[in-house]
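A.B. asks: Residue numbers (this note's numbering), protein chains in the order written: chain B, 1 to 347; chain U, 1 to 347; chain H, 1 to 347; chain F, 1 to 347.
Mixed in with the good hints, there may be bad ones.
Note: identical chains are not told apart, hence a pair may lie in one copy or across any two.
As the list claims (entries may be wrong) - Listed next, the in silico EDC-like pairs over lysine to aspartate or glutamate satisfying Cα-Cα at most 20 Å (straight line): (1) K70 - D8; (2) K67 - D8; (3) K20 - D304; (4) K7 - E61; (5) K67 - E54; (6) K144 - D87; (7) K7 - E75; (8) K108 - E79; (9) K6 - D304; (10) K202 - E61; (11) K70 - D60; (12) K6 - E75; (13) K259 - E75; (14) K6 - E54; (15) K259 - D60; (16) K199 - E61.
What the hints contain is simulated information worked out from the structure, not anything from laboratory work.
Number of protein chains: 4
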Amino acid sequence: MLVVMKKDSTEQELAGVIRKLAQSGLNGHMSKGMERTVIGVVGQTYPELRDTLELLSGVDEVIPISKPYKLSSREFQPEGTVITVGDVVIGGDELTVIAGPCAAETEKQVLDTARAVKAAGANILRGGAFKPSTSPYQFRGLGKQGLEMLALARAETGLPFITEVLTPHDVELVAEYADILQIGARNMQNFNLLDEVGKGRKPVMLKRGMSATIQEWLLSAEYILSQGNRQLLLCERGIRTFETYTRNTLDISAIPIIKRLSHLPIIGDPSHGTGKWHLVTPLALAVVAAGADGLMIEVHPNPDQALKDGAQSLTFENFEQLMQQLAPVAASVGRRMPIKPEEEHGE
Amino acid sequence: MLVVMKKDSTEQELAGVIRKLAQSGLNGHMSKGMERTVIGVVGQTYPELRDTLELLSGVDEVIPISKPYKLSSREFQPEGTVITVGDVVIGGDELTVIAGPCAAETEKQVLDTARAVKAAGANILRGGAFKPSTSPYQFRGLGKQGLEMLALARAETGLPFITEVLTPHDVELVAEYADILQIGARNMQNFNLLDEVGKGRKPVMLKRGMSATIQEWLLSAEYILSQGNRQLLLCERGIRTFETYTRNTLDISAIPIIKRLSHLPIIGDPSHGTGKWHLVTPLALAVVAAGADGLMIEVHPNPDQALKDGAQSLTFENFEQLMQQLAPVAASVGRRMPIKPEEEHGE
Amino acid sequence: MLVVMKKDSTEQELAGVIRKLAQSGLNGHMSKGMERTVIGVVGQTYPELRDTLELLSGVDEVIPISKPYKLSSREFQPEGTVITVGDVVIGGDELTVIAGPCAAETEKQVLDTARAVKAAGANILRGGAFKPSTSPYQFRGLGKQGLEMLALARAETGLPFITEVLTPHDVELVAEYADILQIGARNMQNFNLLDEVGKGRKPVMLKRGMSATIQEWLLSAEYILSQGNRQLLLCERGIRTFETYTRNTLDISAIPIIKRLSHLPIIGDPSHGTGKWHLVTPLALAVVAAGADGLMIEVHPNPDQALKDGAQSLTFENFEQLMQQLAPVAASVGRRMPIKPEEEHGE
Amino acid sequence: MLVVMKKDSTEQELAGVIRKLAQSGLNGHMSKGMERTVIGVVGQTYPELRDTLELLSGVDEVIPISKPYKLSSREFQPEGTVITVGDVVIGGDELTVIAGPCAAETEKQVLDTARAVKAAGANILRGGAFKPSTSPYQFRGLGKQGLEMLALARAETGLPFITEVLTPHDVELVAEYADILQIGARNMQNFNLLDEVGKGRKPVMLKRGMSATIQEWLLSAEYILSQGNRQLLLCERGIRTFETYTRNTLDISAIPIIKRLSHLPIIGDPSHGTGKWHLVTPLALAVVAAGADGLMIEVHPNPDQALKDGAQSLTFENFEQLMQQLAPVAASVGRRMPIKPEEEHGE
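Isolated chain B, as found in the complex (with noise of 0.2 Å):
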C-alpha cells in the first residue's frame, strides 16, 4: 500500500500517518523527493486499511499494491491445486466432468440421469437437495431425502457427487452425504457459511457471485482455506450485466485469470452461465479451450418436465453430443476427457 501525500501536506501530517500505521502494527517508509511524498506501508494490510488512511489530513490518495488475499495466490503457492474424490482427480491432466439435474426430483430421475452422463462419460454427478429460489412459492429441493436419492445414485454408478448447502446448519447433513460442496452464487459472500465449510474436510466448491469481482471471489476462498480447508475448487457461472439476451454473462476470461493469480483448480458452469440450452455446448467448448480444469453442466431426462431450470438442461442425447464434441477439443489444449468408467456398478 501506498500513501500519496498532497502536494502542499506538512511535516505534521506525515507524522500523523505514520502514527496511525504505526497504530495498525504497520511500518511506513518515507520517500521525498518526488513530485510529492509517498509513504510506502510495510506489513499485512487489508482493504478497508485504504479508507482509513484517506480520510487523514494531508492524505490524497492510497493505492494498494499488493493483493489482500494470500492463501488462494499464486505467490504462496506456485504448484497447482490438485484434490482427489474417489476415483477422480481435480486439477489434473484429466478433465472433470461434472453433470447431472438441477435438482433431485424423483429416485428414477437421478438414477437414470447418473446413469447416462456415467455412459457418456461424466465423472463426478451433480443434483441439488436444498435449492435457492428466487420466489418463495418455487421449489425448493427435497432436502434430506434429495440426498439419498444423490446416494443412492452414488451406489449404484460409483459416480461420486456434488450438491449445494445453503446454511451453516446443513452442513454436517449434507457433508455426510456429499463428496463435494457447493457454495452457490448467492452465497458467494455468506461468510458464516465459508467459515462453516472451511473448518470440515470435505472438498468444496465456490461459484463466483453474480457481481463478484474477481479479487473478492479469492477473498471468499480465502475464508474457507484460512479456516484450514485447502480442497477448494472454483467454478465460474457469469456475471450479471446488462445483456438480457442470457440469463447471466459467462466471464471465460475469468479462466485465465485465475490461472495466474491462484493455485486452485477452476471449472465452468455453461448452464447457468447461458440459461439456455441450445448455447451450452458452445460455450462449454470455449471454457475449455481457454485452459478450465472442467466442465459442469446440467442434465436432465425431461427438461421440458424439470422442476427447476429446464431451459437451461441438456437431454441425455445432447450431453452425449456434446461429450463427443469435447473430445477433440480437450485434446486440442492438452487435455484428457475422463476415462469411462469400466461399468462396473451393475448397469
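Assemble the complex: chain B is given as a structure, and chains U, H and F must be docked to it using the hints.
C.D. replies: Just chains U, H and F now, kept in the frame of chain B:
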C-alpha cells in the same frame, strides 16, 4: 403469462402446451386469429415456469404479464405499510433517520455516537455487532458484546436500534436485543435467513442486493411477508455498476418505483451508496426529495479511527450539518423531520 | 504516475524504465529503501502510457496518481464556469430549466410547447431536429426544417434553444440556428464531432455516455475545451446497468462528484434517465436537491402522439406541476427558480 | 407486438388503441376471453411504438413479440453471408485471421508486422490510421500517411487490409485504400457513419458497442444493410462490466447467439476484449471453439514501444505461438486454418 406460439405451430403442439399447463394446475385460454396463436395462462405462475414452457415444441416465446410477487405489491395492499418501533413511526409523514457507527467498537464510541445523533435529530440508532467483511483478515464485529453496547445506548438515550443479522442461527439472539433486524445486501438472497426473520415478529429492514433487480428485491421481501412477518422496511443502498469513483451507484429511481409497485416503506443509505463521506449529504437530500421515508447514515466520533467504513462515515459535526440542510428539503416535499427528543433520558 | 518495480527487479531494469520515460519527455525519480522500488514520473502523462510502462521488464504495476484531464478540472480553474445565453445565466444561483419536445414534429407542436414551458417557468427550449434512432426504420428528425421551427418558437417566446448535432458536417448548420449545441450520449466519444464543436464558439452541452465513467466524460470535455471553446455544460442522463425497470439508471451521485472535480456546470435529465414519465418529477426534485445547476425535461402536447420518446414526456399540465413542486425544493438548497418572463412575446 | 389491457379497461379504451394503431398503418386483432384482453399488432413495428402505446388509457403493458431487425436476421436469410476479399473468404470453413498493429506508426513497423503475421498464417492485415483516443493529448493516428503505409504493406505481402473510419467525411478516402472498413465500438451508434458506409460497396466490419445489447448491435447492422451494402461482418470485442481486472469482458456467448439470430459472419477480438496480452491466446482459442468465423489480434514488433495499446499486443513470437496452438483447436471444431501463402511476395 402469455405463451406465443411459432407461426407454423401445429394443433398437436398447442394441445401439448395446454396439457403441460394443466399438469401445473393452470388453465390456458387460446386465442387464434392474430398473426400468431397466443395462449393466456390463468392461475398463480412463477418465474421459472417460463423456462419450462419455452422448451415445449411449437412455442416461440413466453411472456410474463403479471408480477411474480404478490404480498409486497400495492395491488395487494393499496395503503402504505406503517411500522411502529417505540415512539417512531416508519412510513408516515415523519422522516425516519437512522444514524450511528458502521460497527459497535467500544461502549464509549457507541454511547457518544448515540447521544450525538439523538441531539442532532436522528430517531433510530444503528450499529453493527455482526459484520460481513470481504476479507477474513478484517474486523468482523464484537458479536453479543456489541449488542449489549447498543442496548445500553438505547437505555441511555431512548433510541431504538437496528443491527444486522448474518445467519439464521443468530436471529434469536439478535432479536432479543434489537428493535429492528437488518438483512444486509449480501444476504438479500440468503433465503434461509429470510425465512427465519419472516417467522419472527420483530420488524425487519431488507437492503437491496448489489446486483438485484427491483423485482428480485420484492421477491425477497415476499419470502419474509409470506412467513407472516408484515413489519418490513426496504433500504436502497446502491447497486454495482462499471463506475469506480463511487463504491456503488445509489439508484435513487428505486425510491419512486418501490412507492409505485409496493406498499412497503423505503429509505435510502447514501453512506454505503457512495462510500465517500463528502457525497453523503448531497445524496441524502436527493433521497428525501425523491420521496423516501427516511435515511440511514453512518456517523462515527473519529472516522479516521473507525475499524470499518471510516471513509463513508460522517463526524458528529457533519451529521448535524446534514440534519440542518435536510430540514428545509424535507419540508419542501411535505415531510416532517423527526421531533427532537426532550432529552429526558438522563443526558 | 508511479511505477512499482517487482521485488526482484534489477538495476538494468530500473535503468530501462528511466530510459523509456526519457523517450517520452518525462523524468523518473527513483525511490528505493521501501519494500519495493517505486519510480515517480514527472511530467504530463496520459492513460495509455500506463499500458506501455507495464510491459517493461521488471515492472510490477503502474499507478496513475494525477488525473488525465486538466482544463476541465477544478484544480485548473477553481471558480465555476458561468455560461450566458441570451438572458439566461447557466451555472449561477438561478436554476436552468430546459424543456420541450424530444423531437420537433410540427410548427404547431413546437410553438405550443414553447409557450407552455415558458409559461410554466422554463428558461430554455429543447427540441431535436437531427435525432439518433436505434433502428433505421424509426423517425430520425426533420433536419433543417426542424431547426426553423425551433427558431420560430424562439422568435415568438424569447426562449433560447438547444438542439442536438450528430455529425461534424452539420455543426455549421446547427450552429447557425441554435443557441446551444447538444452532444448526445451516443456521441460522447465521437471525437471528430467533439473537435468540431470545440472549434466553434457556440455553447455546448455534453451528455454523459451510457457506459462512460466520470473520468472518460471529463476527458471528452477536455477535447472541446482544448480546442478553445470554454462555454461547456455537462448533462447526466443515466447509465446502463442490469436494472430493466428503467431505461437507464440516473446516476445522481455524478452531480456532486462533477461539482468537486470540475468547474463545469452540470444539469440532470430525468426524462432519458428513467424513460418513464411518472418517474420524472421525483427524480427532477432529487437532481436539484443534489446540487445540480438545472434540469432538462421532455414535454409534449400529446405524449401518446409523439413520434419519439412519448413514454418519458410530460404533458403541459404535468410539467407545470413539476415546476410547482420544484420551487420549494430549489429554495431549500439555495437556488432560485427561473424568473417567469413578463409574457412580452405576444402570447 | 402485443398490447395487454388493464383488467378493468373499457370498450372506449380498446377502441382508442385500435385507432392509434390505424394511425401508424398497423392493424390490431383483439382477443378477449382471457384474464385480460390482449391486442395483437400486425405490421412492421419499431421499438419506440411500445413507448407510445403504453401511454394510452387502459393499456397495462406492451410486449414486443417480433424482432425489430429484419435484414440482419436468419429468418430473412437462412444461409450464412459469405464475403470475399481478394483471396480471402470470410464466413466459410476457413478461419479469417486478421492481425497487425493497433496503429500504423512507421513504414518499417507496418511492413515488418505484415510480413510476420503473414508468415505465421494470418490472412488479413489490420492497422489504424485514424484512431479514437479517450484523451485529446494522446496519439490519434497518422491519417492518410497511415493508409499509404498499409497499402504498401498490402502490395508487398498480398494481404488485404482493414482499417477504421471514424467520421462520414473520411469514408471516401478510407474506402479508396482499404479492403474492409472498420466501424469501431464507440461508433456503433454513429448513425450517420453507418449510413455512409452502407451506401458504399466496400465490405464493413461492425464492432459491438461497449454497452450495446445484441439486439442494438443487429439494429446498427440493419442501418448498413438497409442502405444496400450486404458485405457486412460483425466483431465481438468485449462489453463494459463491473470487473476491473480486464479492460472489457469478452462476451463469448455472443458468438453462438449471433450465429443463431443472424446470417452475418462474426469474429472475436480478444486483444481489446481483455486488454492484456497474456490473456489473448486462451481467449482466442475460446472464441474459435465457440464457433466464430475468425479472430482479430493485435501484433506489434515491440509492444513496449507501441504508441497505442501496447499492453494488449502480441510480439511476433507470441503471435506465431498463438497460431500454432490455434491449429488443433480450429480442426477440433471443423475449421481450416488460413492457407499459408507461398511467400511469393519477396520476403
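A.B. asks: Would you mind marking each hint as holding or not holding in the structure?
C.D. replies: Hint check:
no.	hint	verdict
1	K70 - D8	between (36 Å within a copy, 19 Å between copies)
2	K67 - D8	between (30 Å within a copy, 17 Å between copies)
3	K20 - D304	between (61 Å within a copy, 9 Å between copies)
4	K7 - E61	within (11 Å within a copy, 23 Å between copies)
5	K67 - E54	both (18 Å within a copy, 17 Å between copies)
6	K144 - D87	neither (25 Å within a copy, 45 Å between copies)
7	K7 - E75	between (35 Å within a copy, 12 Å between copies)
8	K108 - E79	neither (42 Å within a copy, 42 Å between copies)
9	K6 - D304	between (63 Å within a copy, 17 Å between copies)
10	K202 - E61	neither (43 Å within a copy, 37 Å between copies)
11	K70 - D60	between (27 Å within a copy, 17 Å between copies)
12	K6 - E75	between (33 Å within a copy, 12 Å between copies)
13	K259 - E75	within (12 Å within a copy, 41 Å between copies)
14	K6 - E54	within (11 Å within a copy, 25 Å between copies)
15	K259 - D60	between (35 Å within a copy, 18 Å between copies)
16	K199 - E61	neither (38 Å within a copy, 35 Å between copies)
The structure fails to meet hints 6, 8, 10 and 16 from the earlier list, while all remaining hints are met.
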